[in-house]
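Protein chains: 2
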Amino acid sequence: MVYVIKVGGNVIDNPALLEQFLADFAAIPGKKILIHGGGKIATRIGDKLGIQSQYVNGRRITDAETIDVVTMVYGGLVNKQIVAKLQAKGCNAIGLTGADANIIPAAKRPVKETDYGFVGDITTEQVQTAPVKLLLDAGFTPVFSPLTHDGAGQILNTNADTIASSLAIALSAHYAVRLIYCFEKKGVLRDASDDNAVINLIDRGIYQSLLAEGVLSDGILPKLENAFAAIESGVKEVLIGHADDVRKNTTDAVAGTLIC
Amino acid sequence: MVYVIKVGGNVIDNPALLEQFLADFAAIPGKKILIHGGGKIATRIGDKLGIQSQYVNGRRITDAETIDVVTMVYGGLVNKQIVAKLQAKGCNAIGLTGADANIIPAAKRPVKETDYGFVGDITTEQVQTAPVKLLLDAGFTPVFSPLTHDGAGQILNTNADTIASSLAIALSAHYAVRLIYCFEKKGVLRDASDDNAVINLIDRGIYQSLLAEGVLSDGILPKLENAFAAIESGVKEVLIGHADDVRKNTTDAVAGTLIC
Numbered sequence: 001m002v003y004v005i006k007v008g009g010n011v012i013d014n015p016a017l018l019e020q021f022l023a024d025f026a027a028i029p030g031k032k033i034l035i036h037g038g039g040k041i042a043t044r045i046g047d048k049l050g051i052q053s054q055y056v057n058g059r060r061i062t063d064a065e066t067i068d069v070v071t072m073v074y075g076g077l078v079n080k081q082i083v084a085k086l087q088a089k090g091c092n093a094i095g096l097t098g099a100d101a102n103i104i105p106a107a108k109r110p111v112k113e114t115d116y117g118f119v120g121d122i123t124t125e126q127v128q129t130a131p132v133k134l135l136l137d138a139g140f141t142p143v144f145s146p147l148t149h150d151g152a153g154q155i156l157n158t159n160a161d162t163i164a165s166s167l168a169i170a171l172s173a174h175y176a177v178r179l180i181y182c183f184e185k186k187g188v189l190r191d192a193s194d195d196n197a198v199i200n201l202i203d204r205g206i207y208q209s210l211l212a213e214g215v216l217s218d219g220i221l222p223k224l225e226n227a228f229a230a231i232e233s234g235v236k237e238v239l240i241g242h243a244d245d246v247r248k249n250t251t252d253a254v255a256g257t258l259i260c
Numbered sequence: 001m002v003y004v005i006k007v008g009g010n011v012i013d014n015p016a017l018l019e020q021f022l023a024d025f026a027a028i029p030g031k032k033i034l035i036h037g038g039g040k041i042a043t044r045i046g047d048k049l050g051i052q053s054q055y056v057n058g059r060r061i062t063d064a065e066t067i068d069v070v071t072m073v074y075g076g077l078v079n080k081q082i083v084a085k086l087q088a089k090g091c092n093a094i095g096l097t098g099a100d101a102n103i104i105p106a107a108k109r110p111v112k113e114t115d116y117g118f119v120g121d122i123t124t125e126q127v128q129t130a131p132v133k134l135l136l137d138a139g140f141t142p143v144f145s146p147l148t149h150d151g152a153g154q155i156l157n158t159n160a161d162t163i164a165s166s167l168a169i170a171l172s173a174h175y176a177v178r179l180i181y182c183f184e185k186k187g188v189l190r191d192a193s194d195d196n197a198v199i200n201l202i203d204r205g206i207y208q209s210l211l212a213e214g215v216l217s218d219g220i221l222p223k224l225e226n227a228f229a230a231i232e233s234g235v236k237e238v239l240i241g242h243a244d245d246v247r248k249n250t251t252d253a254v255a256g257t258l259i260c
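Protein chains in written order, with the UniProt record's numbering: chain A, 1 to 260; chain B, 1 to 260.
Hints were generated in silico from the structure; no laboratory data involved.
Owing to the predicted nature of the structure, the values given are computational and were not obtained by experimental measurement.
Some hints could be false.
Copies of the same chain look alike in the list, so a pair counts if it works inside one copy or between any two.
Straight line, CA to CA, 27 Å or less: simulated DSS-like cross-link-like pairs of lysine-lysine [to be verified]:
id	residue 1	residue 2
1	K108	K89
2	K89	K48
3	K236	K248
4	K133	K89
5	K40	K236
6	K186	K112
7	K48	K248
8	K185	K108
9	K133	K112
10	K112	K236
11	K248	K108
12	K112	K89
13	K186	K133
14	K236	K108
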């Protein structure tokens with residue numbers, strides 16, 4: 001089994017949470033990949049540099065100055081600090097972007113109503129698994145920052161969730177893959193007001209029943225749809241759970257919600 | 001033959017020079033490694049962030065804020081832009097620091113008269129060649145930024161010339177290595193006032209004769225001493241030449257000075 005694990009900004013931005021998460025991640029045996037975000041640090045450094053982050057409908061506009069900031073922060077500061085910390089914990093991490101070894105080619109998003117700037121859209125079929133497989137099979141742990149490239153010399157900004165699912169789908173041609181999304185809840189809840197009402201297993205049948213019962217919150221529906229889309233593209237299992245539970249969520253006795 | 005090529009800030013800081021250099025580098029056939037500097041960009045971004053670069057005897061003091069800046073700029077901005085540009089030119093580059101895959105462990109420089117801060121000193125014997133060999137033999141071109149780590153979670157700043165010679169020496173256990181330093185002159189000059197008076201070949205015997213003649217400028221002596229030190233540690237050849245001549249300097253008909 002290969003674990004493809006995405007961790008978001010809420011962990012990256014908190015040194016104590018990050019330290020604990022990386023200790024848990026380092027302790028996971030076998031083949032694994034980490035994909036990290038880092039949005040708030042980029043905003044903070046952009047602010048200091050006098051570059052205002054602009055958003056349309058909650059999505060960052062990546063202009064020429066902003067792509068330089070995220071290249072520095074995601075690909076340099078956050079990625080290399082995570083690599084150094086994982087190395088200290090005995091995990092042989094190697095930090096990458098989608099430009100490195102041409103692993104994730106992307107296309108700059110076409111301008112329609114909104115010009116998102118230097119944002120890269122991925123076609124999963126174009127993901128190059130050979131270099132990732134080479135590293136995994138040699139015992140290294142790839143750590144990806146959410147950057148891709150257009151093949152013509154331009155770095156692009158790509159959503160970390162999308163990078164995680166694309167890598168998971170592409171690697172499913174070679175390995176059984178569990179894709180793990182770490183978020184701020186323990187998993188999919190049967191009762192949105194009870195943080196411990198985690199549903200540990202959801203398949204298509206259970207999902208239809210839960211929809212019929214009307215117990216799922218609106219916020220979780222897109223995550224579940226994305227999870228089933230990944231499974232239909234070859235990923236063996238998708239797990240949605242808390243960053244604190246990442247170690248347990250790579251075992252059979254999951255703390256979060258396993259979707260299969 | 002593996003070519004280990006160091007290019008400095010004068011090329012990195014000039015977009016037109018960088019573009020031409022990367023086109024020439026991409027065209028070099030076979031196994032090759034690039035090590036880049038990038039000091040002026042770090043100083044410029046540090047200034048914008050309100051972090052003053054401090055120097056003692058021409059050496060940068062790397063305090064806690066400065067190590068974050070160089071981690072961002074060297075490991076992120078400069079490294080990933082070079083990787084994306086090389087990919088566009090058909091060179092399958094993969095950007096690394098010495099922390100990645102634990103390739104270059106270092107020790108924080110002990111504090112004596114001066115506290116240089118987060119500066120890493122390398123012991124060549126500790127360089128891990130296995131991951132570099134894995135990548136080279138699979139057809140990838142490693143691109144190193146001048147960063148190392150202390151194995152305890154801290155990124156360190158290390159001189160790019162030193163990283164280049166340490167990698168060249170360590171790789172000499174597996175390959176015949178030519179270490180190429182790109183600088184602002186065409187090579188070692190017989191007459192410091194004549195930029196075209198390049199001495200194309202220097203061995204120990206020729207070096208002694210040149211010293212006896214007194215024709216070498218003071219500035220070139222440390223470079224030559226370092227070159228002979230690398231050769232005595234196993235590097236087959238060291239070449240000192242201009243960035244414009246990098247393509248020619250990987251052939252037998254060198255434009256610069258070959259030291260062997």
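Structure-based check of each hint:
{"no.": "1", "hint": "K108 / K89", "verdict": "between (37 Å within a copy, 18 Å between copies)"}
{"no.": "2", "hint": "K89 / K48", "verdict": "neither (32 Å within a copy, 34 Å between copies)"}
{"no.": "3", "hint": "K236 / K248", "verdict": "within (18 Å within a copy, 51 Å between copies)"}
{"no.": "4", "hint": "K133 / K89", "verdict": "both (23 Å within a copy, 24 Å between copies)"}
{"no.": "5", "hint": "K40 / K236", "verdict": "neither (32 Å within a copy, 48 Å between copies)"}
{"no.": "6", "hint": "K186 / K112", "verdict": "neither (37 Å within a copy, 51 Å between copies)"}
{"no.": "7", "hint": "K48 / K248", "verdict": "neither (39 Å within a copy, 44 Å between copies)"}
{"no.": "8", "hint": "K185 / K108", "verdict": "neither (33 Å within a copy, 40 Å between copies)"}
{"no.": "9", "hint": "K133 / K112", "verdict": "neither (37 Å within a copy, 46 Å between copies)"}
{"no.": "10", "hint": "K112 / K236", "verdict": "neither (35 Å within a copy, 56 Å between copies)"}
{"no.": "11", "hint": "K248 / K108", "verdict": "neither (38 Å within a copy, 36 Å between copies)"}
{"no.": "12", "hint": "K112 / K89", "verdict": "neither (46 Å within a copy, 30 Å between copies)"}
{"no.": "13", "hint": "K186 / K133", "verdict": "neither (31 Å within a copy, 42 Å between copies)"}
{"no.": "14", "hint": "K236 / K108", "verdict": "neither (30 Å within a copy, 44 Å between copies)"}
Checked against the numbered hints listed earlier, the structure breaks hints 2, 5, 6, 7, 8, 9, 10, 11, 12, 13 and 14; every other hint is satisfied.
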